[in-house]
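Going down the list, the sequences are from chains A and B.
Okay, so the first sequence: first residue is 1022 according to the numbering used here, each after it adds one.
Okay, so the second sequence: first residue is 1022 according to the numbering used here, each after it adds one.
No wet-lab data here; the hints were simulated from the structure.
Among the hints, erroneous ones may be present.
Repeated chains share a single entry, so a pair holds when one copy, or any two copies, can fit it.
[What the hints assert, rightly or not] Below, simulated BS3-like cross-link-like pairs (lysine-lysine); rule was C-alpha separation at most 25 Å, straight line:
1. 1062 - 1117
2. 1091 - 1071
3. 1062 - 1083
4. 1116 - 1062
5. 1080 - 1069
6. 1116 - 1071
The structure displayed is predicted, hence computed values, not measured ones.
There are 2 protein chains.
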Amino acid sequence: MNNAKKKRLEANGWKVGSTDEFLNLSPEEASYIELKLALSKALQDLRKSKNLTQVDVAKRIKSSQSRVAKMEAGDSSVTMDLMFRSMFALGASRKKVVGMLV
Amino acid sequence: MNNAKKKRLEANGWKVGSTDEFLNLSPEEASYIELKLALSKALQDLRKSKNLTQVDVAKRIKSSQSRVAKMEAGDSSVTMDLMFRSMFALGASRKKVVGMLV
DNA sequence: CAAATATATGTCATATATGACATATATCCA
DNA sequence: TGGATATATGTCATATATGACATATATTTG
């Protein structure tokens, strides 16, 4: 994990150690966070591929633009449940969704 | 979706329509729930393949046996985040985890 | 460039998930 | 069988996620 990624993680509310780089980020936590970031990226890619705005997505899932923005940013305050739901709401199949996480 | 599955869903706290079978369960909700159930099954399979008890898993993720049981039951009160975290805590790789969801 | 449109960030009150606990039920095995 | 071990179910106080809102900052378009 490079420094830019670490900065992005910290910016999104993840605890990635202060003095030392990320020794206190266990492998399993790292895997989880990286999968979640992949999911947030997948959601954004999917939305863009359909030429939809965050407001459009928000309407479909009865949420708000700000929450969609947070999903796409991989913010620590959003669950993967909401992200998966959003992708399905955009018409993606399970195969498609899972495929975007490989 | 057959009746047995519906019963299982309802038992786990999912709202799957009362009078009519499951007309009020939109395709995206169905996809989400089915993915989550696949994940709960994957977690259980993984645990059993390692010959661990729910208590063992609970210790590794600093949770409780009851919560692990709920994860494996696909209970509506548990997030996919916790399930993914658990699988990673059992040593599964992202490739492995994602592969179990295909 | 400026206006319009899109996205990001911060905060709140409320809803939901969490670990913990008690206890019920199932499964194992001597 | 019955005691031991494992899993399921229900509940609670607390922690965290949620939609909504305001508003800041980009990005597009004319």
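Do the hints match the structure? See the list:
1. Proximity of residue 1062 and residue 1117 under a CA criterion of 25 Å is satisfied in both settings, with 14 Å inside one chain copy and 20 Å between copies.
2. In this assembly of identical chains, residue 1091 and residue 1071 lie within 25 Å of each other by CA distance solely inside one copy; the values are 19 Å within and 36 Å between copies.
3. When the C-alpha separation of residue 1062 and residue 1083 is checked against a cutoff of 25 Å, the pair qualifies only within one copy, where the shortest distance is 21 Å, while the shortest distance between copies is 29 Å.
4. In this assembly of identical chains, residue 1116 and residue 1062 lie within 25 Å of each other by CA distance both inside one copy and across copies; the values are 17 Å within and 17 Å between.
5. In this homomeric assembly, residue 1080 and residue 1069 come within 25 Å of each other (Cα to Cα) only inside a single copy, at 16 Å, whereas the closest approach across copies is 41 Å.
6. Only within a single protomer do residue 1116 and residue 1071 lie at most 25 Å apart by alpha-carbon distance; the minimum there is 18 Å, versus 27 Å between protomers.
Taken one by one, the earlier hints all hold for this structure without exception.
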